[in-house]
Amino acid sequence: MNPLLLLLLIPIAAIAAILWLPQICPKRITVTAFIVNFVISLGLFFQFEPGHGYHWVLKYPWFHLTNVAQINFHLGVDGISLMMIFLTTLVSLTAAWVTSKKVKRAREFFIYVLLISLGALGAFLSRDLFFIYIFHEFALIPTFLLIGIWGGQNRQFASIQMTLYLALGSLILLAGIVGLVLTQPLDSRSFDLEAIQQIHVIDDGVQKVIYPLLLIGFGILISIFPFHSWAPTGYASAPAAAAMLHAGVLKKFGLYGLLRLLLPALESGADYWRPVLLVLIIGNVFYLGYVTMAQKELPLMLGYSSVMHMGYLFLALASHHLVALTGFVLLMVAHGVSAALLFALAGEFQTKTGETRIASFGGLYTHAPFLGIMFLIGSMASIGLPGLANFSGEVLIFFGSFKSLPWVTVVCVWGVVISAVYQLRAVRLICFGTVSEVTAKLVDLSTYSARFPYLLLVAVSLWIGINPQSVIHLVQPCIESILNVGGR
Amino acid sequence: MNAILGTPEFLLTLAATLLLLWDAISNPTPRLLGRISFAILVGLFVYVIELDPKMNKTLWSGIYLWDAEAKFFKLFFILTSILVVWSIRLLESKIEVAKSEFYIITLFATAGMMLLSSVQDLVFLFVALELVTVSFYVLVAYHRSQTASLEAGVKYLIMGAVSSAFLVMGSAYLLGVTGSTHFDAINLALRSSEMKPEILFGLALVLVALFFKVSVVPFHVWAPDVYQGAPLPVTAFLAVGSKAAGFVLLLRLLTGPFAGEEVAGYWIPALAFLAIASMILGNFAAIPQRNLKRMLAYSGIGHAGFLLAGIVSNFFQGQAAVLIYLCTYLISAMTVFIAMSAYGKNSDSDHISNYAGLSRKSPWIAVPMALGLISLAGIPPCIGFIGKFTIFIAVWQSEHYVIFAAGVISAVAGLYYYLGVVRTMYWSNPTDMEPIEISFQTKIVLGLLSSSILILGFWSYPLFSIVNKIFLF
Chain A
-10 MNPLLLLLLI PIAAIAAILW LPQICPKRIT VTAFIVNFVI SLGLFFQFEP
40 GHGYHWVLKY PWFHLTNVAQ INFHLGVDGI SLMMIFLTTL VSLTAAWVTS
90 KKVKRAREFF IYVLLISLGA LGAFLSRDLF FIYIFHEFAL IPTFLLIGIW
140 GGQNRQFASI QMTLYLALGS LILLAGIVGL VLTQPLDSRS FDLEAIQQIH
190 VIDDGVQKVI YPLLLIGFGI LISIFPFHSW APTGYASAPA AAAMLHAGVL
240 KKFGLYGLLR LLLPALESGA DYWRPVLLVL IIGNVFYLGY VTMAQKELPL
290 MLGYSSVMHM GYLFLALASH HLVALTGFVL LMVAHGVSAA LLFALAGEFQ
340 TKTGETRIAS FGGLYTHAPF LGIMFLIGSM ASIGLPGLAN FSGEVLIFFG
390 SFKSLPWVTV VCVWGVVISA VYQLRAVRLI CFGTVSEVTA KLVDLSTYSA
440 RFPYLLLVAV SLWIGINPQS VIHLVQPCIE SILNVGGR
Chain B
-12 MNAILGTPEF LLTLAATLLL LWDAISNPTP RLLGRISFAI LVGLFVYVIE
38 LDPKMNKTLW SGIYLWDAEA KFFKLFFILT SILVVWSIRL LESKIEVAKS
88 EFYIITLFAT AGMMLLSSVQ DLVFLFVALE LVTVSFYVLV AYHRSQTASL
138 EAGVKYLIMG AVSSAFLVMG SAYLLGVTGS THFDAINLAL RSSEMKPEIL
188 FGLALVLVAL FFKVSVVPFH VWAPDVYQGA PLPVTAFLAV GSKAAGFVLL
238 LRLLTGPFAG EEVAGYWIPA LAFLAIASMI LGNFAAIPQR NLKRMLAYSG
288 IGHAGFLLAG IVSNFFQGQA AVLIYLCTYL ISAMTVFIAM SAYGKNSDSD
338 HISNYAGLSR KSPWIAVPMA LGLISLAGIP PCIGFIGKFT IFIAVWQSEH
388 YVIFAAGVIS AVAGLYYYLG VVRTMYWSNP TDMEPIEISF QTKIVLGLLS
438 SSILILGFWS YPLFSIVNKI FLF
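Protein chains in written order, with this note's numbering: chain A, -10 to 477; chain B, -12 to 460.
Treat the hints with care, as some may be off.
[Stated by the list, open to error] What follows is a list of derived Cβ distance ranges for each label pair: (1) B/VAL389 / A/ILE455: 41 to 47 Å; (2) B/ARG22 / A/LEU47: 44 to 50 Å; (3) A/ILE455 / B/SER438: 47 to 53 Å.
Honestly, the hints are just simulated from the structure, not real lab data.
Keep in mind that this is a model prediction, so the values were computed, not measured.
We put the beta carbon where it would ideally sit given N, CA and C, even for glycine.
Starting from the given sequences, assemble the full structure and let the hints guide the process.
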């Protein structure tokens, strides 16, 4: 059986199992399914032969959109999507694992988590734009329900704001996709990613229109400044699993889409709109960096910090440079892992203590050393300490983009300092000092089972940080082919 | 003669008349009559599917056209009617008098709608439309001890009369200018002579009458009151059947005799404006509604706007998109209405607040209803997305970017109020935990509808293969 199809069928089977076997603990079913998926994705990772082109391709004709194009159910992975699949299965597994099995309305909860994971996997596995879009939207309603039913403070407002924002982004994106597909002549028109990558000439005027549609559409999903306001409030009130999946995986979908669609097809559009994009990047890194510094609550700070880091990724996109774009993929994975780790910890703090203010914690390191160390490592990864994955991604991006965009790069490097300021302050307030009343309510994770998801995330971050070549050699050929087709 | 006897409309009218006589003579139980009506419709559905697929045949000296599109719409109306008749049974206890006639009048309205899908002549159009409208006059005011229902009946009567007047006046103008009421003759006259303002005036009058039927802004004011006051199955029938009937006529007229560039240059901008106004106003006015039927009425205005946008995209894609959108609307809206009926059997199902905590009281109603609402909002993988997607593509292709933008904005607004209902069902705490009894049959019907929302939303091949047969050359 095709392993990619298997990846999609396992969450579906798990949903069916939760529905039909109410006597089995839904968390157990979900975690088992995600372990299987994670093992499959590891297997794919080790069996993958670097080089461009797609592997494990599966293609069924699906239907013919009247007088427009044929739509196929078309799966396949290259180096980039392989890394995204790896990230998705990893974060899904840890997100389900850190959730308590005694969560209220547990069956519904785990069904929604499975649906989100299924949608993300489908979006990264598909090669037909129609299916990429449909799979991505799988997550919209489950996220709405997850935040609305299980969320913390301000959940009513946060969930509806987030859903409407994301729906608006998706529809703008749909306009961009439709416009892009319709630029092809009728006889060769298709929704296939590869066909889109091979569009050589799109009229300049058309590019100027489609580029901002795709940029804003995907940008809203990624929460680019100034369309970011849904993200921090949404993440702050989401249950840990939803925040991990969204900040860790779903947000990366927008970046993945930009890499796949914007770069190869819309070069003159990119040139035309680059100044605007650069302003947005600086806004993202600087304005949001300072906003993050002002945050008093841990989930909000993490939310803003995860939004702020998107600026580096957009810098790589704007630079259009091979090294920077390789770093782009690395940083996507690295940021997904570190964001998942930090949101998992924030969720743990919040459920055990009911407190979110950073200043009310203290002495975590002495009271609960394991959680303290994990928070320290997560923070260091987020700042970009060498040895952890984020560093290798950021460094590649800065090196790559310095050549074409020196000034903006210099400004963005300052963002590393900003993130060190707020993140280190959080570490000082939470981990060190005397044990506060709030921290005393925390219980350190003592069992291997409880520690496992955190250790897994740290291990992956360390592995990529120490040996980035293992990812780079998979990703680089794909980036090369994307850029070559673009004509550079 | 045989050909006339074989038309499905004739068979349905005959069956309905016989049922009416039987009811008058031996007074069978309404339940039995409902079952028989259901069986008749199912039989007719099979009969129409099996009917001679030889296309472009005309009957009755050319005023009745039997083609692929007509077959599609006839099946559409029968399917709607099957679901409506089935849902009447759920709420039968709420009908006070003349329960049997309720089924029979529904059959007459169905026959009228089916005739409309074959219309090729303005006079015939008027007759068929009146068959539908008069049946609805009775159905809307059926709860005659309730003031709301009576008010709805009166409003619908007045509005219906006004729109019929417009239709007759417009037909008279067109007859005066072109010398015929037959579509082909009008077409010929339009092509051979130069453009006259009288033609536009006549066309405008006819279109206004149809806009009343499909409740497009600014001819929509009757819809919320009538939807709210009418019995629930009638609301469903109005929302789906009557709206689709209006659109089949718009398609027949605007892609038939008035498709020529000279005339289209006038009606396309006008319809584009109305489409935008309907999408925006319908969806935004639905937001503050607390009565679910009223909300669905406004959302129906929004959906009419989307359908008009498909017609404006004067391409085959546009027409195909209208057909696809109607199918998706049929399935999604009927799921919501049947879920409401299943809930409304024992309680008041009109106010959104009554649905608080429904997901815990009865997932069998809450899940299909949530799916139906999300599908109406057009979120993948529900089938409603396919409808919106095809409309959006057609609109983009015909370069009506303003309509596209209005569609995006109104789709987001639509999501807001549909999710409001989902929120009430899933987040709020129920006021009582009394379990709701649902029959096995209801579970099957709701299960079938909601799985078709999901399956056809993801695997849309059947939908497109039917429509492609009509529009691919």
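Each hint tested on the structure:
no.: 1; hint: B/VAL389 / A/ILE455: 41 to 47 Å; verdict: 55 Å, violated
no.: 2; hint: B/ARG22 / A/LEU47: 44 to 50 Å; verdict: 47 Å, holds
no.: 3; hint: A/ILE455 / B/SER438: 47 to 53 Å; verdict: 49 Å, holds
Going through the hint list in order, the structure does not satisfy hint 1, though it satisfies all others.
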